[in-house]
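Participant: Counting from 5, one number per residue, gives the positions in the sequence shown under our numbering.
Any given hint could turn out to be false.
[Stated by the list, open to error] Straight-line distance between alpha carbons at most 20 Å, and here's what the computed EDC-like set of lysine to aspartate or glutamate pairs gives: (1) LYS195 <-> ASP226; (2) LYS247 <-> GLU205; (3) LYS254 <-> ASP313; (4) LYS271 <-> GLU250; (5) LYS195 <-> GLU205; (6) LYS254 <-> GLU69; (7) LYS77 <-> ASP7; (8) LYS247 <-> ASP226; (9) LYS282 <-> GLU230; (10) LYS247 <-> ASP61.
Calculated directly from the structure, the hints in this document are not laboratory data.
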Amino acid sequence: MTDTNLISIDAMGGDRGPAAVLDGIALAHAANPALRFLVHGRQAEVAPLIAARGLSDICSLRHAEAVVTMNDKPSQVMRHGSDTSMWSAVDAVRNREAAVAVSCGNTGALMAVSMLRLRKLPGVDRPAIASLWPSFNPGGWNVMLDMGADVRADAHDLLTYGIMGAAYAHYALGLETPRVGLLNVGTEEHKGTAELRLAHELMTGAQARGGFAFVGFVEGNDLPAERVDVIVTDGFTGNVALKTGEGTAKMASRLMKEALTSTWLAKLGALLAMSALKRLKEKIDPRRANGGVFLGLNGTVVKSHGGADATGIAAAIDLAARLARSGFLERMAARVASAAPAGQDAPSEEASNESAK
Numbered sequence: 005m006t007d008t009n010l011i012s013i014d015a016m017g018g019d020r021g022p023a024a025v026l027d028g029i030a031l032a033h034a035a036n037p038a039l040r041f042l043v044h045g046r047q048a049e050v051a052p053l054i055a056a057r058g059l060s061d062i063c064s065l066r067h068a069e070a071v072v073t074m075n076d077k078p079s080q081v082m083r084h085g086s087d088t089s090m091w092s093a094v095d096a097v098r099n100r101e102a103a104v105a106v107s108c109g110n111t112g113a114l115m116a117v118s119m120l121r122l123r124k125l126p127g128v129d130r131p132a133i134a135s136l137w138p139s140f141n142p143g144g145w146n147v148m149l150d151m152g153a154d155v156r157a158d159a160h161d162l163l164t165y166g167i168m169g170a171a172y173a174h175y176a177l178g179l180e181t182p183r184v185g186l187l188n189v190g191t192e193e194h195k196g197t198a199e200l201r202l203a204h205e206l207m208t209g210a211q212a213r214g215g216f217a218f219v220g221f222v223e224g225n226d227l228p229a230e231r232v233d234v235i236v237t238d239g240f241t242g243n244v245a246l247k248t249g250e251g252t253a254k255m256a257s258r259l260m261k262e263a264l265t266s267t268w269l270a271k272l273g274a275l276l277a278m279s280a281l282k283r284l285k286e287k288i289d290p291r292r293a294n295g296g297v298f299l300g301l302n303g304t305v306v307k308s309h310g311g312a313d314a315t316g317i318a319a320a321i322d323l324a325a326r327l328a329r330s331g332f333l334e335r336m337a338a339r340v341a342s343a344a345p346a347g348q349d350a351p352s353e354e355a356s357n358e359s360a361k
């Protein structure tokens, strides 16, 4: 049996380098002392960082000389990336050494390597990236997918995304029967493309065996709303929405800071409202939702944002650990097999098109 407390970590892929990754490991372990880590990267760079942070007892280092950069093409990494830290981290999941892999690296390359090494689940044509989205729901989150694994998705792919997203919401958020919505330009059934209307029909008929309640079409203003738990869309739209949301949150934070420091009276008001402002800052902090899960593979991979700091990386590790302990992968595979159309098992370079970094 795979140790569900052992997390495989690509130390080299992020914009901030391995130091930020090791800082994230330290934070995650402080919050969950049962966790242990198989760390992949250049020994000369990573070993001193592990020792300096006192993590030698919980981290095993596996040397990987090469690094996947943000500019590397996924197809190139698939052909020549077997000596990279990313490949090594995914292989640890393939070999059942670790329950889940976490990487801050190139999204397209990570998806391509994951598909090649782990292969797709039966019933899945295109895997998807699912992310948590801050919302007004009681648990504080909605799930959205695809966030950029593949820029295309036909009606049957969208149905599969709905089934996988519902399973993810069930085990990650504890929702008994997640409400699934299909992102569109309007809520009326006649709106949208022919592909979306067909997906609407398929999801209506599959909700009982897929373990979800289909609420129909939803719009962009429903992303943080209480109407839905899982928002389904193609990877192009999902990635644009993700980056728009991140940018809006940063803009709101910056404008608020400028407004609250503009005059002495504003500074006094900010001081009096400090505790409330701190709670608001934490609520809209994108780092809290860091960690996109690759759904549809024979193994669990969590993609951290490339620019994540220690707090963001720790959030991705915490998500990975919760999924590993829940037995989520096996249960999701069973749902997809029973409710989704038959897919193909062979990995495909074509499916590694991505718009996320």
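Participant: Evaluate each hint against the coordinates.
Facilitator: The hints, checked one at a time:
no.: 1; hint: LYS195 <-> ASP226; in the structure: 16 Å, holds
no.: 2; hint: LYS247 <-> GLU205; in the structure: 29 Å, violated
no.: 3; hint: LYS254 <-> ASP313; in the structure: 15 Å, holds
no.: 4; hint: LYS271 <-> GLU250; in the structure: 26 Å, violated
no.: 5; hint: LYS195 <-> GLU205; in the structure: 13 Å, holds
no.: 6; hint: LYS254 <-> GLU69; in the structure: 36 Å, violated
no.: 7; hint: LYS77 <-> ASP7; in the structure: 33 Å, violated
no.: 8; hint: LYS247 <-> ASP226; in the structure: 16 Å, holds
no.: 9; hint: LYS282 <-> GLU230; in the structure: 23 Å, violated
no.: 10; hint: LYS247 <-> ASP61; in the structure: 38 Å, violated
In this structure, the earlier hints numbered 2, 4, 6, 7, 9, 10 are contradicted, and the remaining ones agree with it.
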